[in-house]
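Protein chains in written order, with the working numbering: chain A, 1 to 250; chain B, 251 to 599.
No lab work stands behind these hints: they were computed from the structure.
Where a beta carbon is used, it is the ideal one built from N, C-alpha and C, also for glycine.
Please note that the accuracy of each hint is not assured.
With a straight-line Cα cutoff of 27 Å, these simulated BS3-like cross-link-like pairs (lysine-lysine) come out [claimed, not checked]:
| id | chain 1 | residue 1 | chain 2 | residue 2 |
| --- | --- | --- | --- | --- |
| 1 | A | K93 | B | K381 |
| 2 | A | K125 | A | K93 |
| 3 | B | K436 | A | K93 |
A short, non-exhaustive set of chain B residues, derived as facing chain A with CB atoms under 8 Å [claimed, not checked]:
| id | residue |
| --- | --- |
| 4 | L270 |
| 5 | R275 |
| 6 | E276 |
| 7 | E278 |
| 8 | A279 |
| 9 | T355 |
| 10 | P357 |
| 11 | S419 |
| 12 | R449 |
| 13 | I482 |
| 14 | I486 |
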Amino acid sequence: MPHPFAVRCERVTKRYGDLVAVDALSLTVERGECFGLLGPNGAGKTTTIESFEGLLTPDEGDVEVLGLRWRTDGAALRQRLGIQLQETRLAEKLTVEETLRLFRAFYDRGRPVEELLRLVELESKRASWVGKLSGGQRQRLAVACALAGTPDLLFLDEPTTGLDPQARRQLWGVLERFRAGGGTIVITTHYMDEAEALCDRVAVIDHGRIITQGRPKDLIETLGAPRVVTRHGTLEDVFMALTGRHLRDD
Amino acid sequence: MTERRNGRSHPLLELTLARLREFVREPEALFWAFVFPIIMSVALAAAFPARGARPVAVGLVPGPAAEAVRRALGAAEGIALRDLSPRDEARALREGEVHLVVVPTEPPTYRFDPARGESRAARLAVDQALKRAAGRPEPWTAREEPIAVPGSRYVDWLIPGLVGMNVMSTGMWGIGFSVVQARLRKILKRLVASPMRKRDYLLAQMLARIVFLAPEVAVPLAFGALVLGMPIEGSIAAIAVVSLVGGLSFTGLGLLTASRPRTLEAISGILNLTMLPMWVVSGVFFSTANFPGALQPFIQALPLTALNDALRAVILEGATVGAVGGELLLLAIWGAVPFLLALRLFRWV
């Protein structure tokens, strides 16, 4: 029987000098769900997700991913994860197809490059240099690289930041197809509509701590009572109610 | 190369191909690797014509006996005379336009820098010509037997050193810059977030480098042999082995220098700091024998010294691979130790 949790972290703390980026944060992500980490810039979302991804080691606390730990099972874990990083610029002078072929080569099992191209709707761009792609195409390529090894768990760090609405919807479609195949997603975002559209559960993070978590709908009902009658409450209202600030106040 | 299930090929092969593709799609990199050695060789050909000894350049400033000096030196062989105003004299000497200045006093005055070999040669030639013109009897005339010893000219000695220098600098710059740029763009971070094996990435940088080593070595050597008449005594295979070991050695060092820096400015500084001492002391432009004995153990332990010595031994003296085994071993150590250190120190995130 597979391990019930995709991610389980206990009292994870990460400091940078005097700054506590993540402060004794605990959460669990269940298999098959899409879990959103929400919060303004600098809230600790990236530090949290990178400690899940094994890219940084927490100062304190315990992280378990797919029932494995980075210290002892790092290599096996890498084979089962798909990772998209914030602000990675892939090699600009490789083509889309070459980039996918490279990433595919790192995984023991995975999808053929053709299938990846189809999955992210980049078949027509296969021979284009990465440097010539639009922002949305680049992000879909980044997600395709993350999907190259048929991961059980996909980590996405602000995958749609800076994209226009159409490009965002196109990327959501890719993620929904991954979900449909039984995959688990952990995604950070500061777009509330994105969290509402994609996530089964969200945790709202500020100053490195979880200030609330639950299903988007429940959070909106309990905390984000609409103040304008003609408009439904949003997660933005939830955040406002908890902190008195806007989520995207930088 | 064979493809495995689901169109998967070997990660080391894909990483190497990726590096090669990026390289050939970068016009500046191609320029430094291929066009630059050709330009360098053409410049050398112009500076060191293949045939004939160059005459010594002598300047003549105005003076009472100027006409007599002009007649005497104009008739002499191997002396190129030109008139100088007293104002230009110091500059012409400093810049090597003339090797010696004759002031036509009675007796004549020679102005020259005795530290320069050409100036001392010019002094001898001028002195002999003037004394002969003044009627000094020759006690005897020596029988001269000019011998053209192949490979004994400066240019023959210089070319292998330039090849060695080029192997070092393109290797270290090429690797240093591409690695630091990949770190800057967080491509390295993205790669280690995948199951890629770290040593595959470093090995791929080395392998990609080897592909371009052949033309980088062959172009200047062929130019030297065909246009400048430089002898190539050793076998092509021996030259290839020495170049290969040397090339790999400097990629190891290149990876080590690139293992930590986060900015292009930092890697430039580190590369210059690493390479500049070797340009000076490792016998590229002048022999390592010019340095004091106390420095020799240090100089002889440097990888560029070993590469230049091995290249010269093979090219000019026809040495076999076995005969340069010591140099090759030293180069192998200079490649392997930094590679292993780089693997440990490398900053991926």
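**Request:** Please name the hints from earlier in the document that this structure breaks, with their numbers sorted from lowest to highest.
**Result:** 1, 4, 7, 8, 9, 10, 11, 12, 13, 14
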